[in-house]
Amino acid sequence: MTITANSFKTNYLPTWCPGCGDFGIWMALKNALAELGIGPDEALLIYGIGCHGNMSAWVRTYGVVGLHGRTLPMAQGAKLANHTVPVIVISGDGDGLGEGGNHFIHAAKRNPDITVLIHDNQVYALTTGQASPTAKQGFITKSTPDGVVDEPVNPLTLAIVSGATFVARGFAGDMPGLTKLIAQAVKHKGFAVVDILQPCVTFDHVHTYPWYRSRLYELSSGGYTPTNKLAAIKKALEWGDKIPVGIFYQELTSTNEDREPALTNGPLAGQTLGVADVDTLLSEFR
Amino acid sequence: MAQSITWKIGGEAGFGIMASGTMLARAFSRHGYYIFTLNEYPSLIRGGHNAVTVRIATAPFYSLDRSLHILVALNKETVELHKNELREGTVIVFDPHDYEWKEEELPPGIILIPVPFRELVQKKGGEVIMRNTVALGTSIAILGAPFECLADVVRDQFARKGEAVVNHNIEIARAGYDAVGDAATALSALRLDSIEKKNDYLLINGSEAVGIGAVRAGLKFAAIYPMTPINALISFLADHAKSLGIVYKQPEDEIAGINMAIGAAISGVRSMVATSGGGFALMVEGLSLAGMIEVPLVIDMGMRVGPATGMPTWTEQGDLQFIIHAGHGEFPRIVLAPANATEAYELTVKAFHLAEEFHVPVFILTDKYLNESQWCVEAVVLERDVVINRGKVMTLGSEKSTTSFKRYDLISPDGISARSFPGMKGGQYIANSYEHDETGMVSEDSAMRTKMVDRRLKKIAAIRKVMMPPVVYGDQSSKTVIVTWGSTLGPVLAAMKANTRIIHFPWLYPFPADATKELLTGATRVIDIEQNATGQLASLIRAETGIEITEKFLKYDGRPWLPEEIIERIKV
Numbered sequence: 146m147t148i149t150a151n152s153f154k155t156n157y158l159p160t161w162c163p164g165c166g167d168f169g170i171w172m173a174l175k176n177a178l179a180e181l182g183i184g185p186d187e188a189l190l191i192y193g194i195g196c197h198g199n200m201s202a203w204v205r206t207y208g209v210v211g212l213h214g215r216t217l218p219m220a221q222g223a224k225l226a227n228h229t230v231p232v233i234v235i236s237g238d239g240d241g242l243g244e245g246g247n248h249f250i251h252a253a254k255r256n257p258d259i260t261v262l263i264h265d266n267q268v269y270a271l272t273t274g275q276a277s278p279t280a281k282q283g284f285i286t287k288s289t290p291d292g293v294v295d296e297p298v299n300p301l302t303l304a305i306v307s308g309a310t311f312v313a314r315g316f317a318g319d320m321p322g323l324t325k326l327i328a329q330a331v332k333h334k335g336f337a338v339v340d341i342l343q344p345c346v347t348f349d350h351v352h353t354y355p356w357y358r359s360r361l362y363e364l365s366s367g368g369y370t371p372t373n374k375l376a377a378i379k380k381a382l383e384w385g386d387k388i389p390v391g392i393f394y395q396e397l398t399s400t401n402e403d404r405e406p407a408l409t410n411g412p413l414a415g416q417t418l419g420v421a422d423v424d425t426l427l428s429e430f431r
Numbered sequence: 239m240a241q242s243i244t245w246k247i248g249g250e251a252g253f254g255i256m257a258s259g260t261m262l263a264r265a266f267s268r269h270g271y272y273i274f275t276l277n278e279y280p281s282l283i284r285g286g287h288n289a290v291t292v293r294i295a296t297a298p299f300y301s302l303d304r305s306l307h308i309l310v311a312l313n314k315e316t317v318e319l320h321k322n323e324l325r326e327g328t329v330i331v332f333d334p335h336d337y338e339w340k341e342e343e344l345p346p347g348i349i350l351i352p353v354p355f356r357e358l359v360q361k362k363g364g365e366v367i368m369r370n371t372v373a374l375g376t377s378i379a380i381l382g383a384p385f386e387c388l389a390d391v392v393r394d395q396f397a398r399k400g401e402a403v404v405n406h407n408i409e410i411a412r413a414g415y416d417a418v419g420d421a422a423t424a425l426s427a428l429r430l431d432s433i434e435k436k437n438d439y440l441l442i443n444g445s446e447a448v449g450i451g452a453v454r455a456g457l458k459f460a461a462i463y464p465m466t467p468i469n470a471l472i473s474f475l476a477d478h479a480k481s482l483g484i485v486y487k488q489p490e491d492e493i494a495g496i497n498m499a500i501g502a503a504i505s506g507v508r509s510m511v512a513t514s515g516g517g518f519a520l521m522v523e524g525l526s527l528a529g530m531i532e533v534p535l536v537i538d539m540g541m542r543v544g545p546a547t548g549m550p551t552w553t554e555q556g557d558l559q560f561i562i563h564a565g566h567g568e569f570p571r572i573v574l575a576p577a578n579a580t581e582a583y584e585l586t587v588k589a590f591h592l593a594e595e596f597h598v599p600v601f602i603l604t605d606k607y608l609n610e611s612q613w614c615v616e617a618v619v620l621e622r623d624v625v626i627n628r629g630k631v632m633t634l635g636s637e638k639s640t641t642s643f644k645r646y647d648l649i650s651p652d653g654i655s656a657r658s659f660p661g662m663k664g665g666q667y668i669a670n671s672y673e674h675d676e677t678g679m680v681s682e683d684s685a686m687r688t689k690m691v692d693r694r695l696k697k698i699a700a701i702r703k704v705m706m707p708p709v710v711y712g713d714q715s716s717k718t719v720i721v722t723w724g725s726t727l728g729p730v731l732a733a734m735k736a737n738t739r740i741i742h743f744p745w746l747y748p749f750p751a752d753a754t755k756e757l758l759t760g761a762t763r764v765i766d767i768e769q770n771a772t773g774q775l776a777s778l779i780r781a782e783t784g785i786e787i788t789e790k791f792l793k794y795d796g797r798p799w800l801p802e803e804i805i806e807r808i809k810v
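Sequence order for the protein chains is W and G. First residue of the first sequence: 146, per my numbering; consecutive thereafter. First residue of the second sequence: 239, per my numbering; consecutive thereafter.
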């Protein structure tokens, strides 16, 4: 059976606000899975809690809707248990970088073969519009009536310095571009982070589709090659009249799973259970 | 000749105190003696003091007691800190270089044996750190065992470091052995009776027993953040990861640990976490998730003194009520509480099977005293065949791939429906933290919500059918009954007199209420003995049976119960 975006259809229709950036991410993800030939029973999607996580009801695959902020530990456990199944984390800026900030750093340094899509809209929209960790200074929200005072978290620089081996930024308003980027991230062997700029049409009247469109430019169009960490960090710090999208950094190195000797005999989930040589195991206690 | 000797060695942390205890214990356990070792560290009086107590006996016993026959002091402080454990006839082995102990400074009847540990080590070209090896030689001589008993153990201990190191250590131990000379003959009361080796016993601490149980039951994944008192389990799993084909991952915190373990379980492997109260407090949200998405998960909860950081290296049974009630919302769980290393092994094997049979979190509730003490475990128990049954799993190809799999079906009468694992054809479903329908899709429908709660709670009835009843020791008809749980059982059994009945609860939750009610009916004196300040087992018994136990012996100073303390209080 040919896999198309339609293969992932469920009986539910999205409940996102009309015009929400999540629609673009949803379509791009299904297109990317279809393009890669990954069917509903062949991938594991792990969702956080937030508007992004509601996607679980309209994508038919193996899925986990876990706890707020805990997608990455869940994904690493699942990947170590069966590393032949592609694992994709659907997270948000609040879920992944606020509640789950510590996990993000540690997941990146282990380089598990997992793709992380960060729905980055600068707000906690499901709780009706408070500032998220990526909210820019001065941004007025329900929890920051005088504007955000803290420095924002930069998901890209954080990912690069923490050890992620594929770091990219996409835009929810560019479905073909985002489809390509997600497909590249899933294909990448290692910890792939895609920060997706996503306008929140309800709680953010500053960072709108036109606001982004007038600023975004594709990194590769200027001849940028994503192979140098320092150059990548410099590019990732660019934010203002010009905002780069595309792949900032990529390297191929051993993954979390490659470093586990137990996995050389195939996935843990398929191995014989128990202890074959009990005598040897017990001999050290004699 | 002695049937039982209690030996203690103390000194500064970092001088191989713990290893000395294990080596002496092993020297005797290999020849069929019954052994128990307890470690104490650090001292509350001054930092850095380590001590190990080893009891060696010719017959099985349940607990340490107050007798201390031999105290090996690797510094002056050891004698000062353990003065209250000395009694008439206790032998103190010490180095006069540390302090010239005089009889008049000590309680009456103490026998002083000066051995120049430091000088002997130096003469043999050793380091100061090797004084414990000299002391072991001296101890073996006093206990009347052939030197070869110790040499064997020294050989194994240092084998990895090469023959030169082995021989050097044996030579140094020999110097300690020979140093006693005629003094040993005068101490004939401390010479252990010879014994015919009847059974093959292994020397294992509680954490290792849990580890052996786990891997024999098919554990494949563990994510454990370091915390006293379960660190020996981490070492066991990490050391054997390669040879047994398992993954031990050190997570960034306990929250990550439990979520990794849940992720691994969803993907089809038997997984576990281990921690103590503070770490478990961080896992509580994850526990609730495991309950909601019905993931099999084993949690080794090693209690220590709380609240907060408490006294991290001391023992307590203060988390029973916490474990029973942990997690928001209502969902089934199982709580098992082993009393010793043998039970820790058996109940861990059981925990993995229960978790996959009922798709619930299962606790092994242990404590510092159980986890870090070394116990004699009969080899045949650990060698017994373990049959691994994975519970209900989706039959491959039974579902068309155009629909989702009913992982949470409403048809199963016991509330337990088959699991599928990512990658299985047609098995896709959502393991959903939100309330959900049969395929795991989010649902806030009132009828569905009620059905799903009922479905999850139905499992309790199924669990009750396989519940272990309390274990009764002593005089079955006695009207004096002691109720106890976990590692307190040992001291209670050691204190047991005729005409007493003891009830121990290896299975604590769901609570075996009917069996308990029956056992307590007709009792004229019921005593609750626990290692906590509020009588948490007594509270549980009252909540579940309506029986109120008013006589409670509670100890919460961080030190395990001694049988003498129980005997003194029972008399009142």
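Hints in this document: simulated from the structure, not taken from any laboratory. Quick caveat, the model's predicted, so the values are computed rather than measured. A hint or two may mislead.
As the list claims (entries may be wrong) - Counterexamples of contact, computed for chain G against chain W with all Cβ distances above 10 angstroms: (1) N322; (2) G524; (3) Q666; (4) Y711; (5) A736; (6) A771.
As the list claims (entries may be wrong) - Which stretches of chain W does chain G cover? Using the computed rule of at least three CB atoms under 8 angstroms from a CB of chain G, they are: (7) 177-190; (8) 194-202; (9) 225-238; (10) 375-381.
What the hints assert, rightly or not - Listed next, with one range per pair, are the computed distances between beta-carbon atoms: (11) D422(W) with P280(G): 37 to 45 angstroms; (12) S359(W) with T633(G): 50 to 58 angstroms; (13) E756(G) with T160(W): 25 to 33 angstroms; (14) V306(W) with H566(G): 49 to 57 angstroms; (15) A771(G) with T155(W): 48 to 56 angstroms; (16) L181(W) with D623(G): 38 to 46 angstroms; (17) G327(G) with R404(W): 55 to 63 angstroms.
C-beta atoms are modelled at their ideal positions from N, C-alpha and C, and glycine is treated no differently.
>> If I claimed the Cβ atoms of E756(G) and T160(W) lie 25 to 33 angstroms apart, would that claim hold in this structure?
In response: Because 54 angstroms falls outside the window, the suggested range is violated.
> Between D422(W) and P280(G), does the beta-carbon spacing fit 37 to 45 angstroms?
Replying inline: Since D422(W) and P280(G) have Cβ atoms about 38 angstroms apart, the given range 37 to 45 angstroms holds.
>> Does G524(G) clear chain W by more than 10 angstroms, comparing its Cβ with all Cβ atoms of that chain?
In response: Nearest chain W Cβ is 7 angstroms from G524(G), so the label is violated.
> Would you say the C-beta atoms of G327(G) and R404(W) sit inside 55 to 63 angstroms of each other?
Replying inline: holds, 57 angstroms
>> Tell me if the beta carbons of S359(W) and T633(G) are separated by a distance inside 50 to 58 angstroms.
In response: Hint holds: Cβ distance 56 angstroms, inside 50 to 58 angstroms.
> Per the coverage rule (Cβ-Cβ under 8 angstroms, at least three residues), is the region 177-190 of chain W covered by chain G?
Replying inline: Holds, because 6 residues of the region 177-190 of chain W bring their Cβ atoms closer than 8 angstroms to Cβ atoms of chain G.
> Are three or more residues of the region 375-381 of chain W within 8 angstroms, CB to CB, of chain G?
Replying inline: n = 0 at 8 angstroms, threshold three: violated.
> Could one say that the CB atoms of V306(W) and H566(G) fall in the range 49 to 57 angstroms?
Replying inline: Between V306(W) and H566(G), where Cβ atoms are some 36 angstroms apart, the hint is violated.
> Holds or violated: is the Cβ of A771(G) farther than 10 angstroms from all Cβ atoms of chain W?
Replying inline: Given that every Cβ of chain W is farther than 10 angstroms from that of A771(G), nearest at about 33 angstroms, it holds.
>> Is the claim that Y711(G) lies outside the interface with chain W correct, judged by CB distances over 10 angstroms?
In response: holds, 27 angstroms
> Quick check: the region 225-238 of chain W, covered by chain G? Criterion 3+ residues, Cβ under 8 angstroms.
Replying inline: Check passed, 5 qualifying residues.
>> Against the range 48 to 56 angstroms, how does the distance between the Cβ atoms of A771(G) and T155(W) compare: consistent or not?
In response: holds, 53 angstroms
Hint violations for this structure: numbers 2, 3, 10, 13, 14, all remaining hints satisfied.
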